[in-house]
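Protein chains in written order, with this note's numbering: chain X, 399 to 566; chain H, 164 to 319.
It cannot be assumed that every hint is accurate.
To be verified - Computed footprint of chain H on chain X; a stretch qualifies when at least three of its residues, placed anywhere within it, have a C-beta under 8 Å from a C-beta of chain H: (1) 442 to 450; (2) 532 to 545.
What the hints assert, rightly or not - Mimicking DSS-like on lysine-lysine, the simulated pairs with C-alpha atoms at most 27 Å apart in a straight line are: (3) X:Lys431 x X:Lys445; (4) H:Lys260 x X:Lys431; (5) H:Lys260 x X:Lys445; (6) X:Lys431 x X:Lys517; (7) X:Lys467 x X:Lys431.
Treat the hints as calculated values from the structure; they're not laboratory data. Quantities reported herein were computed from a predicted structural model and do not represent experimental measurements. All C-beta atoms, glycine included, are put in the ideal place defined by N, C-alpha and C.
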Amino acid sequence: MMSRSAWSERVRPLLATASLALAGAAVCAQSVKLPADAVDGFHAALKRKDTGGALSYLDRGLVVFEFGKMDATIEAYALSHLPGDIDMAAVTDWSLQARRLGGGGDDRWVLSTYRVTGKRPDGKPIDEVMLETAIVRRVGDSFRIVHLHWSSDKGDLQTWGQTQRSAP
Amino acid sequence: MLLTWISACARASMTVAALLLALHAAAGPARLDGIQIAGHDPVDPALRRFTGKVTGVGQPDKTDRVSTLRFDPIGPDMVAPKPDELRGWRLTFIKGKLFGQTLWIEGNTPNELTVRDTDPSLAGVVEGDILMIELLDPNLIAPTSRGNDDEPQRVV
Numbered sequence: 399m400m401s402r403s404a405w406s407e408r409v410r411p412l413l414a415t416a417s418l419a420l421a422g423a424a425v426c427a428q429s430v431k432l433p434a435d436a437v438d439g440f441h442a443a444l445k446r447k448d449t450g451g452a453l454s455y456l457d458r459g460l461v462v463f464e465f466g467k468m469d470a471t472i473e474a475y476a477l478s479h480l481p482g483d484i485d486m487a488a489v490t491d492w493s494l495q496a497r498r499l500g501g502g503g504d505d506r507w508v509l510s511t512y513r514v515t516g517k518r519p520d521g522k523p524i525d526e527v528m529l530e531t532a533i534v535r536r537v538g539d540s541f542r543i544v545h546l547h548w549s550s551d552k553g554d555l556q557t558w559g560q561t562q563r564s565a566p
Numbered sequence: 164m165l166l167t168w169i170s171a172c173a174r175a176s177m178t179v180a181a182l183l184l185a186l187h188a189a190a191g192p193a194r195l196d197g198i199q200i201a202g203h204d205p206v207d208p209a210l211r212r213f214t215g216k217v218t219g220v221g222q223p224d225k226t227d228r229v230s231t232l233r234f235d236p237i238g239p240d241m242v243a244p245k246p247d248e249l250r251g252w253r254l255t256f257i258k259g260k261l262f263g264q265t266l267w268i269e270g271n272t273p274n275e276l277t278v279r280d281t282d283p284s285l286a287g288v289v290e291g292d293i294l295m296i297e298l299l300d301p302n303l304i305a306p307t308s309r310g311n312d313d314e315p316q317r318v319v
């Protein structure tokens with residue numbers, strides 16, 4: 399009969415292999431056939447607080463514009479902005495109101511408007527219309543987001559948010 | 164004279180601002196502290212987070228697998244974690260060869276961490292790579308995004 403330690407030694411490489419396979423499958427699961435699916439998948443990953451999942455929908459050349467500010471690289475977005483987007487998604491609901499798609503070949507655009515509702519930390523309700531421009535690019539068999547631009551119909555909220563963010 | 168002086172100051176300020184913007188565009192994330200960036204309205208953090216910069220990686224084991232790396236905290240208000248404070252936390256690379264890959268922390272010292280045996284090797288990670296380490300509520304994350312992790316998250 400195989401000892402527990404010997405069994406463990408045998409099984410460990412198998413587990414490691416299975417783990418790698420599953421990890422690979424998780425990454426490959428982000429194969430996105432339709433341009434809008436990249437956008438929706440990204441938002442769904444934010445809502446799940448799935449940092450790696452959200453990044454998997456983004457192209458390495460991503461540039462983000464928001465409320466007159468920018469993240470010039472995907473690394474800058476991932477470090478400084480993505481956590482805030484996950485926090486925001488956790489306390490708000492984004493209801494898709496309208497969407498238009500266009501472009502051709504490997505480069506497409508997805509224009510979306512969302513009604514965003516929720517509550518700010520100070521208890522005030524969030525109820526705004528978020529406008530989103532997403533440019534997606536097909537690389538291989540999958541679309542990835544190369545540009546996002548968000549703006550809102552509530553100017554005071556933008557100003558308040560930027561004041562908070564720029565505070566030292 | 165005063166107008167000339169004010170105009171010169173304004174031009175100098177704009178030059179400095181342009182230089183800062185150029186630095187921002189060219190810099191890695193670690194240099195972004197204090198610079199205004201894009202973002203939604205601030206809300207309470209949904210996750211506890213730690214951000215770190217890789218300062219080195221451990222030696223490969225007999226199977227050439229690397230499971231440890233050294234790091235320094237980066238970002239505002241970020242301090243070195245206590246021993247095993249990050250045990251069970253999710254690690255996502257946000258810069259470097261393993262960009263976007265998610266692993267799970269087995270244990271840590273204030274400047275070194277070890278990932279689980281079942282996670283991929285850290286081979287390929289280099290000094291300067293950036294880490295996002297997050298404490299999840301295991302009930303709120305989709306099982307598929309956690310790979311084969313059947314164990315409940317261990318919280319210190």
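Going through the hints against the structure:
1. 442 to 450: holds (count 6)
2. 532 to 545: violated (count 0)
3. X:Lys431 x X:Lys445: Cα-Cα ~21 Å, so holds.
4. H:Lys260 x X:Lys431: At roughly 25 Å apart (the allowed maximum being 27 Å), X:Lys431 and H:Lys260 satisfy the hint.
5. H:Lys260 x X:Lys445: holds, 26 Å
6. X:Lys431 x X:Lys517: violated, 34 Å
7. X:Lys467 x X:Lys431: violated, 30 Å
Violated hints, listed in ascending order, are 2, 6, 7; each of the other numbered hints is respected by the structure.
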